[in-house]
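Chemist: Sequence:
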Amino acid sequence: MQLQFLGATGTVTGSKYLVQHGKARLLIDCGLFQGYKQLRLRNWAQLPVRPSQIDAVVLTHAHIDHSGYLPLLVKQGFRGVVYCTPATRDLCRIMLPDSGGLQEEEADFLNRHRLSKHAPALPLYTRKDAVQSLERIETVPWGTQWEPIPGVKARLSRAGHILGAASVRLDNGVSSLLFSGDLGRPVDILMRAPDPIVQADRVVVESTYGDRLHPVIDPLAQLAEVINRTAARGGAIIVPAFAVGRAQTLLHMIQVLMQRGTIHHLPVYLNSPMAEDATAVFVRHPQELRISPEECRALPLSAVQVRSAEESKELNARRGPMVIIAGSGMATGGRVLHHIKAFAPDKRNTILLSGFQAGGTRGASLAAGADHVRIHGQDVPIRCEVDQLGCASAHADAGEIEAWLRGMKSAPTTTFITHGEPAAADAMRLRIERGLGWNVCVPDYLETYSA
Numbered sequence: 234m235q236l237q238f239l240g241a242t243g244t245v246t247g248s249k250y251l252v253q254h255g256k257a258r259l260l261i262d263c264g265l266f267q268g269y270k271q272l273r274l275r276n277w278a279q280l281p282v283r284p285s286q287i288d289a290v291v292l293t294h295a296h297i298d299h300s301g302y303l304p305l306l307v308k309q310g311f312r313g314v315v316y317c318t319p320a321t322r323d324l325c326r327i328m329l330p331d332s333g334g335l336q337e338e339e340a341d342f343l344n345r346h347r348l349s350k351h352a353p354a355l356p357l358y359t360r361k362d363a364v365q366s367l368e369r370i371e372t373v374p375w376g377t378q379w380e381p382i383p384g385v386k387a388r389l390s391r392a393g394h395i396l397g398a399a400s401v402r403l404d405n406g407v408s409s410l411l412f413s414g415d416l417g418r419p420v421d422i423l424m425r426a427p428d429p430i431v432q433a434d435r436v437v438v439e440s441t442y443g444d445r446l447h448p449v450i451d452p453l454a455q456l457a458e459v460i461n462r463t464a465a466r467g468g469a470i471i472v473p474a475f476a477v478g479r480a481q482t483l484l485h486m487i488q489v490l491m492q493r494g495t496i497h498h499l500p501v502y503l504n505s506p507m508a509e510d511a512t513a514v515f516v517r518h519p520q521e522l523r524i525s526p527e528e529c530r531a532l533p534l535s536a537v538q539v540r541s542a543e544e545s546k547e548l549n550a551r552r553g554p555m556v557i558i559a560g561s562g563m564a565t566g567g568r569v570l571h572h573i574k575a576f577a578p579d580k581r582n583t584i585l586l587s588g589f590q591a592g593g594t595r596g597a598s599l600a601a602g603a604d605h606v607r608i609h610g611q612d613v614p615i616r617c618e619v620d621q622l623g624c625a626s627a628h629a630d631a632g633e634i635e636a637w638l639r640g641m642k643s644a645p646t647t648t649f650i651t652h653g654e655p656a657a658a659d660a661m662r663l664r665i666e667r668g669l670g671w672n673v674c675v676p677d678y679l680e681t682y683s684a
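Just so you know, we're using the numbering used here here: the sequence shown kicks off at 234 and counts up by one.
Keep in mind that the hints are not guaranteed to be accurate.
[What the hints assert, rightly or not] Straight-line alpha carbon distances no greater than 25 Å define the calculated DSS-like cross-link-like pairs of lysine-lysine that follow:
hint, residue 1, residue 2
1, Lys350, Lys546
2, Lys270, Lys574
3, Lys350, Lys386
4, Lys386, Lys361
5, Lys361, Lys308
6, Lys270, Lys350
7, Lys256, Lys361
8, Lys574, Lys642
9, Lys270, Lys308
10, Lys386, Lys546
[To be verified] If you anchor each label on the Cβ, the simulated ranges turn out as follows:
hint, residue 1, residue 2, range
11, Gln309, Thr377, 40 to 50 Å
12, His605, Val537, 29 to 39 Å
13, Asp341, Ala601, 49 to 59 Å
14, Gly668, Gly553, 46 to 56 Å
15, Leu663, Pro353, 19 to 29 Å
16, Ile450, Ala636, 33 to 43 Å
17, Lys270, Ala513, 33 to 43 Å
18, Gly668, Ala601, 27 to 37 Å
19, Pro419, Thr646, 21 to 31 Å
20, Leu669, Asp341, 33 to 43 Å
21, His351, Glu458, 40 to 50 Å
22, Glu458, Val537, 21 to 31 Å
The hints are simulated quantities; they were obtained by calculation from the structure and are not laboratory data.
Being a predicted model, the structure only gives us computed values, none of them experimental.
No residue lacks a Cβ here, since even glycine has one placed at the ideal position from N, Cα and C.
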């Protein structure tokens, strides 16, 4: 097998790995690049292989940086099968059309306000393109072995990151190749732990938090402190949140805190139709979760669901203690941008970042202490408090990744480090080399290796 890295090198986004066996080609993940403009421009560049020449795709999970390029791949001629878990399929049915719709909305906004250098600004793909791409998806149960391309057998195991997230092992009878996907944590508020690692000759492992350890802090206590502190000064808590995974975790945490009396009952708004729809998918797959079926069914009842744009706008006129959870998680788009514009200039309020913030995103700028961010062509002053709920991450940290890798009975020939910013990937390389004594490689964009 030959392995080429088409994304997730030097960045946490754009996950795409091309595996070639004989004349057959298999793509593991099909994600969009996000963050810095030079990365986002790669979404518009031609792939080094024509989509029509790719025979199949396997998705590790539904996050857009792993699945969001699929509508464009199909639009450009891919006619193969897309394999994933049932929960990933259900989430893609929500997330991919939403991604296309957001891109259409952004292009329309830029054109109406003449804010683009392009005339006209165009979406990468449309909602219709995304809906058509869903027809290519077929599901595979956990632990079932199948042949996505001739001569290569594949098997999915739980990665624990979000609902349906998987690691993928490929075997051509001569050598084996394992893709970790995004790894969850051994003890997570919502998700079950990743399955133990399986043996493989070569491993591709993520390194999102490869240069750090998560703080040993009770995430419930940290969230309660932020909410109580902000509520005491009459402020609102604005939470940019990923619609899948983080939004549901926050809803559960807030519900638990209110039940315990750790925080006062205050209005909670889920301003994300996609997160509302995704929560319904969680309810349909309770076996994937650590919480009880009863707690799972209670998730949709934890907040007021905000569906329409008019209701979203009305929230910006409200004042006083409340929590608004809205997409997107890195403040790259979506309804949360309008809330940041409305609430960030008031020092009584808090913006609570609830997940990893990739370089080049507004979320990363906020985390770094920016005194303003640019939204819709305007500089918005950041006078409110900005805090980060780092202890509730859905990604394994460096120590947890190493512990997962240690479960392998014998060292792989090569371990490839991907899906991390440069500093994180290199720190993970050093950790594995020194801690495990393995041969490690941090590949560059478009590099090819024999696997």
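Chemist: Given the hint that lysine 361 pairs with lysine 308, does the C-alpha gap stay at or below 25 Å?
Modeler: holds, 10 Å
Chemist: That 33 to 43 Å hint for lysine 270 and alanine 513 (C-beta), does it hold up?
Modeler: Taking Cβ atoms as reference, lysine 270 and alanine 513 lie about 35 Å apart, which means the hint holds.
Chemist: Honestly, do glycine 668 and glycine 553 meet the 46 to 56 Å range at C-beta?
Modeler: Check passed, 50 Å falls within 46 to 56 Å.
Chemist: CA of lysine 350 to CA of lysine 386, is that 25 Å or under?
Modeler: With Cα atoms ~47 Å apart, lysine 350 and lysine 386 exceed 25 Å; violated.
Chemist: Lysine 270 and lysine 308 were given as a pair; does the straight-line alpha-carbon distance stay at or below 25 Å?
Modeler: holds, 23 Å
Chemist: Starting from the hint 33 to 43 Å, judge whether the C-beta atoms of leucine 669 and aspartate 341 obey it.
Modeler: The hint (33 to 43 Å, Cβ to Cβ) is violated, given that leucine 669 and aspartate 341 are roughly 51 Å apart.
Chemist: Hint says 21 to 31 Å; check whether the CB-CB distance for proline 419 and threonine 646 agrees.
Modeler: Since proline 419 and threonine 646 have Cβ atoms about 26 Å apart, the given range 21 to 31 Å holds.
Chemist: In this structure, is the beta-carbon distance linking histidine 605 and valine 537 contained in 29 to 39 Å?
Modeler: Holds - the Cβ-Cβ distance for histidine 605 and valine 537, about 30 Å, lies within 29 to 39 Å.
Chemist: Evaluate the given range 19 to 29 Å for the C-beta pair formed by leucine 663 and proline 353.
Modeler: violated, 48 Å
Chemist: Given the hinted pair lysine 270 and lysine 574, is their Cα-Cα distance within 25 Å?
Modeler: Holds - the C-alpha atoms of lysine 574 and lysine 270 are around 22 Å apart, at most 25 Å.
Chemist: If you draw a straight line from the CA of lysine 350 to the CA of lysine 546, is it 25 Å or shorter?
Modeler: Violated - the C-alpha atoms of lysine 546 and lysine 350 are around 28 Å apart, more than 25 Å.
Chemist: Take a look at whether the Cβ-Cβ distance between isoleucine 450 and alanine 636 falls inside 33 to 43 Å.
Modeler: violated, 20 Å
Hint violations for this structure: numbers 1, 3, 4, 7, 8, 10, 11, 13, 15, 16 and 20, all remaining hints satisfied.
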